[in-house]
Amino acid sequence: MVKATLVDKNGFRKGAWSKEEDDKLRVYVQKYGHWNWRQLPKFAGLSRCGKSCRLRWMNYLRPDVKRGNFSHEEDNLILQMLEELGNKWSIIAGKLPGRTDNEIKNHWHTNLSKKVKRNQSVSSGLVEKEQYRETSQSEDSQTEKSETESVSVNSPPKPHHQPDILEIFHSPQEISCSEFSSMNNDSVSSSVKGAADGFSPAEIFQDSVSDFWNLPFLADNNDNQDGYHSLLFTEEVYMHSYAFNYDDDSIDWIQQMMQELQYSN
DNA sequence: AATTGTCTCAACCGCGACTCG
DNA sequence: TCGAGTCGCGGTTGAGACAAT
Numbered sequence: 001m002v003k004a005t006l007v008d009k010n011g012f013r014k015g016a017w018s019k020e021e022d023d024k025l026r027v028y029v030q031k032y033g034h035w036n037w038r039q040l041p042k043f044a045g046l047s048r049c050g051k052s053c054r055l056r057w058m059n060y061l062r063p064d065v066k067r068g069n070f071s072h073e074e075d076n077l078i079l080q081m082l083e084e085l086g087n088k089w090s091i092i093a094g095k096l097p098g099r100t101d102n103e104i105k106n107h108w109h110t111n112l113s114k115k116v117k118r119n120q121s122v123s124s125g126l127v128e129k130e131q132y133r134e135t136s137q138s139e140d141s142q143t144e145k146s147e148t149e150s151v152s153v154n155s156p157p158k159p160h161h162q163p164d165i166l167e168i169f170h171s172p173q174e175i176s177c178s179e180f181s182s183m184n185n186d187s188v189s190s191s192v193k194g195a196a197d198g199f200s201p202a203e204i205f206q207d208s209v210s211d212f213w214n215l216p217f218l219a220d221n222n223d224n225q226d227g228y229h230s231l232l233f234t235e236e237v238y239m240h241s242y243a244f245n246y247d248d249d250s251i252d253w254i255q256q257m258m259q260e261l262q263y264s265n
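To convert, note that position 39 of the first sequence is 39 in full-length UniProt numbering; the numbers rise steadily by one, no gaps.
Simulated from the structure, these hints should not be mistaken for laboratory data.
Treat the hints with care, since some could be wrong.
Stated by the list, open to error - Cut-off 25 angstroms, straight-line C-alpha distance, at most; resulting in silico cross-link-like pairs (PhoX-like, lysine-lysine): (1) Lys105 - Lys115; (2) Lys51 - Lys9; (3) Lys19 - Lys31; (4) Lys88 - Lys66; (5) Lys14 - Lys117; (6) Lys66 - Lys105; (7) Lys9 - Lys31; (8) Lys19 - Lys88; (9) Lys51 - Lys31; (10) Lys88 - Lys105; (11) Lys51 - Lys14; (12) Lys42 - Lys66; (13) Lys66 - Lys31; (14) Lys117 - Lys105; (15) Lys42 - Lys14; (16) Lys88 - Lys51; (17) Lys9 - Lys19; (18) Lys31 - Lys42; (19) Lys115 - Lys66; (20) Lys51 - Lys105; (21) Lys114 - Lys66; (22) Lys51 - Lys19.
It should be emphasised that the depicted structure is a prediction, and the values quoted were computed from it without experimental measurement.
Make the full structure from the sequences, and use the hints.
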């Protein structure tokens with residue numbers, strides 16, 4: 001169910017994520033936030049491209065990702081919003097707490113579109129049967145399949161094109177979009193957005209200083225097989241000072257540390 | 001038990017939007 | 001205003017799970 005791991009031309013790993021990789025990414029993001037997805041894998045000790053890290057975090061590792069089956073209410077809301085907006089998966093995901101756009105998209109392609117197709121064929125079948133009754137009682141519904149095959153379900157319904165889907169698909173159930181708070185936490189994604197993960201910038205700074213020698217990527221460098229290896233400690237210092245807006249004293253302290261390091265090398 | 005077909009969903013890809021210097 | 005870097009979105013792919021034969 002997962003793609004085999006391989007390496008792309010840039011030396012980045014591709015395919016299925018291992019538990020170790022998940023752990024590294026989770027620990028790093030929860031601790032420091034995702035201040036820059038492109039740079040993040042270097043510091044987290046991952047041989048992945050930033051894009052892959054972002055996707056893995058957003059779709060799988062985020063603590064608020066809800067797993068499991070979709071409820072009728074969720075199905076209803078998805079169909080309703082597809083009606084209104086078309087295939088704006090990210091907007092729809094914003095109305096479904098804990099659901100990702102990818103998950104909703106998959107759910108549409110694997111389940112909802114088929115159910116819609118089935119229900120459309122049932123409803124069209126009923127009409128056909130009524131017509132058949134008027135002309136002939138002996139025909140069976142063998143033609144139903146060929147009829148429904150002409151209905152395109154590979155693409156989501158275009159806005160305002162299928163007014164009866166909801167009524168057909170589910171028992172009437174009023175769902176108000178306002179019942180769901182928009183939870184587009186992902187817009188909170190810049191350097192100090194560690195706060196979105198439960199850390200205030202000040203806490204992150206304090207944390208990063210106090211745990212300076214225990215940074216995840218440093219601890220993991222032993223098995224770091226990409227080109228970063230022992231990514232210069234100074235770069236880590238620089239990035240964190242950049243990301244967390246240190247005060248002058250902190251910067252002085254960092255510069256002092258860097259000088260000491262250079263001397264010690 | 002072996003083979004084949006279908007389904008599921010995590011992950012990849014390309015592109016447009018956005019941000020910043 | 002422009003270009004480079006980055007982000008986020010939607011479409012698509014493909015490996016593994018599962019069902020049917």
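Evaluation of the provided hints:
1. Lys105 - Lys115: holds (15 angstroms)
2. Lys51 - Lys9: holds (15 angstroms)
3. Lys19 - Lys31: Cα-Cα ~18 angstroms, so holds.
4. Lys88 - Lys66: It holds: about 20 angstroms lies between the C-alpha atoms, which stays within 25 angstroms.
5. Lys14 - Lys117: Violated, at about 35 angstroms.
6. Lys66 - Lys105: holds (15 angstroms)
7. Lys9 - Lys31: Given pair Lys9, Lys31 is violated - Cα atoms ~30 angstroms apart, limit 25 angstroms.
8. Lys19 - Lys88: violated (31 angstroms)
9. Lys51 - Lys31: Cα-Cα ~19 angstroms, so holds.
10. Lys88 - Lys105: Holds, because 9 angstroms separates the two Cα atoms, which is no more than 25 angstroms.
11. Lys51 - Lys14: holds (11 angstroms)
12. Lys42 - Lys66: Roughly 28 angstroms between the alpha carbons, so the hint for Lys42 and Lys66 is violated.
13. Lys66 - Lys31: Cα-Cα ~21 angstroms, so holds.
14. Lys117 - Lys105: With Cα atoms ~16 angstroms apart, Lys117 and Lys105 stay inside 25 angstroms; holds.
15. Lys42 - Lys14: holds (15 angstroms)
16. Lys88 - Lys51: The given pair, whose Cα atoms are some 20 angstroms apart, holds under the 25 angstroms limit.
17. Lys9 - Lys19: holds (24 angstroms)
18. Lys31 - Lys42: holds (15 angstroms)
19. Lys115 - Lys66: With Cα atoms ~22 angstroms apart, Lys115 and Lys66 stay inside 25 angstroms; holds.
20. Lys51 - Lys105: holds (19 angstroms)
21. Lys114 - Lys66: Answer holds: Lys114 to Lys66 is near 23 angstroms, not above 25 angstroms.
22. Lys51 - Lys19: holds (18 angstroms)
Violated hints for the displayed structure, listed by number in ascending order: 5, 7, 8 and 12.
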